[in-house]
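Participant: Letter by letter, the chains look like this.
Protein chains: 2
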Amino acid sequence: MTIKAVVFDAYGTLYDIQSVAAVTETEFPGYGEVITQLWRIKQLEYTWLRSQMGTYEDFAVVTRDSLAYTLDCLGIEAGGGAFERIFAKYLDLALYPEALAALDALAPCKRAILSNGSPEMLGALTRNTGLDRVLDDVISVDAAKVFKPHPRAYALAEARLGVPPREMLFVSSNPWDVAGAKAFGFTVAWIERVSREAMARELRRPGPLPPQTLFKALRTQMDVLGFEPDHRIGSLAALAEIVASR
Amino acid sequence: MTIKAVVFDAYGTLYDIQSVAAVTETEFPGYGEVITQLWRIKQLEYTWLRSQMGTYEDFAVVTRDSLAYTLDCLGIEAGGGAFERIFAKYLDLALYPEALAALDALAPCKRAILSNGSPEMLGALTRNTGLDRVLDDVISVDAAKVFKPHPRAYALAEARLGVPPREMLFVSSNPWDVAGAKAFGFTVAWIERVSREAMARELRRPGPLPPQTLFKALRTQMDVLGFEPDHRIGSLAALAEIVASR
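These protein sequences, in sequence, are chains A and B. Using my numbering, count along the first sequence one by one with no gaps and you end on 246. Using my numbering, count along the second sequence one by one with no gaps and you end on 246.
Next comes chain A alone, as it looks inside the complex (with noise of 0.2 angstroms):
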């Protein structure tokens, strides 16, 4: 089957959000790995928590909010702009490395993003990128009022690219949103970031663990939900010959 649109999840797909640690370490030295860590557990189950009480409120609340619980559980207070020098990296995070040319190559393929961001989110990040003068359209779940992995958050894409959901390759790191995208009835590509071997290596250590390490644990292995992944592939690159191959 022809693939005739190729659409990425965005945090932690094609953008590096482990980047906000060089910013949460400047404006909390010490703090900045726990912060970032919980920051990111906490924003994604505001989104799905929200999504499932039907009080929907879009991705840069959430993101606000799971940032003012990460630093009250700490016990810091983040005054003279600190909380918002923290919250702007989200408008401008670092690109996975290989992402740039990785969509290039994708071409004449449609390109999209289907992302939780909202849309002014979205916009200032694919501006501050360049990724704006690359896909073809971003779709902000926003339009939805529920965040991913909602069917209804997915079946934007089909919607505003007028392709059917099996002719679409759907790319993300996240595990569950793999589920949320196979579940829907996507073509599925999973970015697998972190290997089973290096993660049982990492982890099986007694006693403390880095927060990073119990990130990982959390958000980066194939989650047992009922759905796999069509492909598994190390990093973007490995796209292009997917597409060709179908």
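Because the hints were derived from the structure by calculation, they are not lab data. One thing to keep in mind: the hints can contain errors.
Okay, the calculated beta carbon distance ranges per label pair [claimed, not checked]:
no.: 1; chain 1: A; residue 1: 137; chain 2: B; residue 2: 1; range: 48 to 54 angstroms
no.: 2; chain 1: B; residue 1: 228; chain 2: A; residue 2: 145; range: 19 to 25 angstroms
no.: 3; chain 1: B; residue 1: 108; chain 2: A; residue 2: 61; range: 41 to 47 angstroms
no.: 4; chain 1: A; residue 1: 61; chain 2: B; residue 2: 2; range: 33 to 39 angstroms
no.: 5; chain 1: B; residue 1: 2; chain 2: A; residue 2: 196; range: 37 to 43 angstroms
no.: 6; chain 1: A; residue 1: 98; chain 2: B; residue 2: 19; range: 43 to 49 angstroms
no.: 7; chain 1: A; residue 1: 201; chain 2: B; residue 2: 2; range: 57 to 63 angstroms
no.: 8; chain 1: A; residue 1: 75; chain 2: B; residue 2: 136; range: 20 to 26 angstroms
With a cut-off of at most 27 angstroms between alpha-carbon atoms, the simulated DSS-like pairs for lysine-lysine come out as follows [stated by the list, open to error]:
no.: 9; chain 1: A; residue 1: 216; chain 2: B; residue 2: 216
no.: 10; chain 1: A; residue 1: 145; chain 2: B; residue 2: 110
no.: 11; chain 1: A; residue 1: 4; chain 2: A; residue 2: 89
no.: 12; chain 1: B; residue 1: 110; chain 2: B; residue 2: 4
no.: 13; chain 1: B; residue 1: 145; chain 2: B; residue 2: 110
no.: 14; chain 1: A; residue 1: 4; chain 2: A; residue 2: 110
By construction, the Cβ of each residue, glycine as well, lies at the ideal position given by its N, Cα and C atoms.
Using the hints, position chain B against chain A.
Facilitator: Quick look at chain B alone, frame taken from chain A:
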């Protein structure tokens, strides 16, 4: 307003889910704590994700799947009945020490459980711990085929007990459950088992963290979801006074 029924969350509220640590440590020495914490975090993630994806499976499935995920992360094979021995602890968790006396003190008010647990799990758990002789009802979300904090899960208590939400005191130690119950309309008491001060003290040290500290940081502090409990208490023992005072 008079409280006509007190409805309890089970796992983490009446029952100490940390009591599985004895079994996980016996089966896999040195890894009991990391298994216990990752398992519980993923177990709830899976309930939230399945509710949202519209792919409900009961809590026994979710509890097994999240345990399988956790052991996979560690690269541990659970042969020789170890997997089932760990799972079985969920059918005989330790009650919090004050639970039975607190339930007795609430009579003649109706007392019920509203839990994510499957009917079979909750049946075994309440029988094994003697709560079946104290409670007026044990309500599983399974009848709604969604998990908390979906409003249809909370609506089961209203339907089964025949009491309007505001006249029910919903009791949970789980911040996301408090938010969901408030969004639905219950009067809500939050058992704050880890104070803000204790949390900050435990979390605020550079370097690696015990897995239990990460668990506490993710799941014991009041979430920023737009809802606050009506009552904050330190233990179940304070409930009788709340009911008497309203």
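Participant: Next step is simple, just say for each hint if it's right about the structure.
Facilitator: Hints versus structure:
1. Our hint of 48 to 54 angstroms for residue 137 (chain A) and residue 1 (chain B) holds, since their Cβ atoms are close to 52 angstroms apart.
2. The given range of 19 to 25 angstroms is respected by residue 228 (chain B) and residue 145 (chain A), whose C-beta atoms sit roughly 23 angstroms from each other.
3. Look at residue 108 (chain B) against residue 61 (chain A): about 44 angstroms separates their beta carbons, and that is inside 41 to 47 angstroms.
4. At about 36 angstroms, the CB distance of residue 61 (chain A) to residue 2 (chain B) agrees with the hint of 33 to 39 angstroms.
5. Distance hint for residue 2 (chain B) and residue 196 (chain A): a CB-CB separation of about 56 angstroms, inconsistent with the stated range 37 to 43 angstroms.
6. Checked against the hint of 43 to 49 angstroms, the C-beta distance between residue 98 (chain A) and residue 19 (chain B) comes to roughly 46 angstroms, which is consistent with it.
7. Taking 57 to 63 angstroms as the suggested C-beta distance range, the pair residue 201 (chain A) and residue 2 (chain B) conforms, at roughly 59 angstroms.
8. Between residue 75 (chain A) and residue 136 (chain B) the beta carbon distance is about 41 angstroms. The supplied range of 20 to 26 angstroms is therefore violated.
9. A distance of roughly 18 angstroms separates the Cα atoms of residue 216 (chain A) and residue 216 (chain B); the hinted pair therefore holds under the 27 angstroms criterion.
10. Proximity of residue 145 (chain A) to residue 110 (chain B) is assessed by CA-CA distance (about 38 angstroms); at most 27 angstroms being required, the pair is judged violated.
11. This hinted pair does not check out: residue 4 (chain A) and residue 89 (chain A) have alpha carbons roughly 33 angstroms apart, beyond 27 angstroms.
12. Restraint check for residue 110 (chain B) and residue 4 (chain B): the C-alpha separation of about 7 angstroms stays at or below 27 angstroms, so the hint holds.
13. Distance check on the hinted pair: residue 145 (chain B) and residue 110 (chain B) sit about 25 angstroms apart at the alpha-carbon level, within 27 angstroms; holds.
14. Our distance criterion of 27 angstroms between C-alpha atoms is met by residue 4 (chain A) and residue 110 (chain A), whose separation comes to about 7 angstroms.
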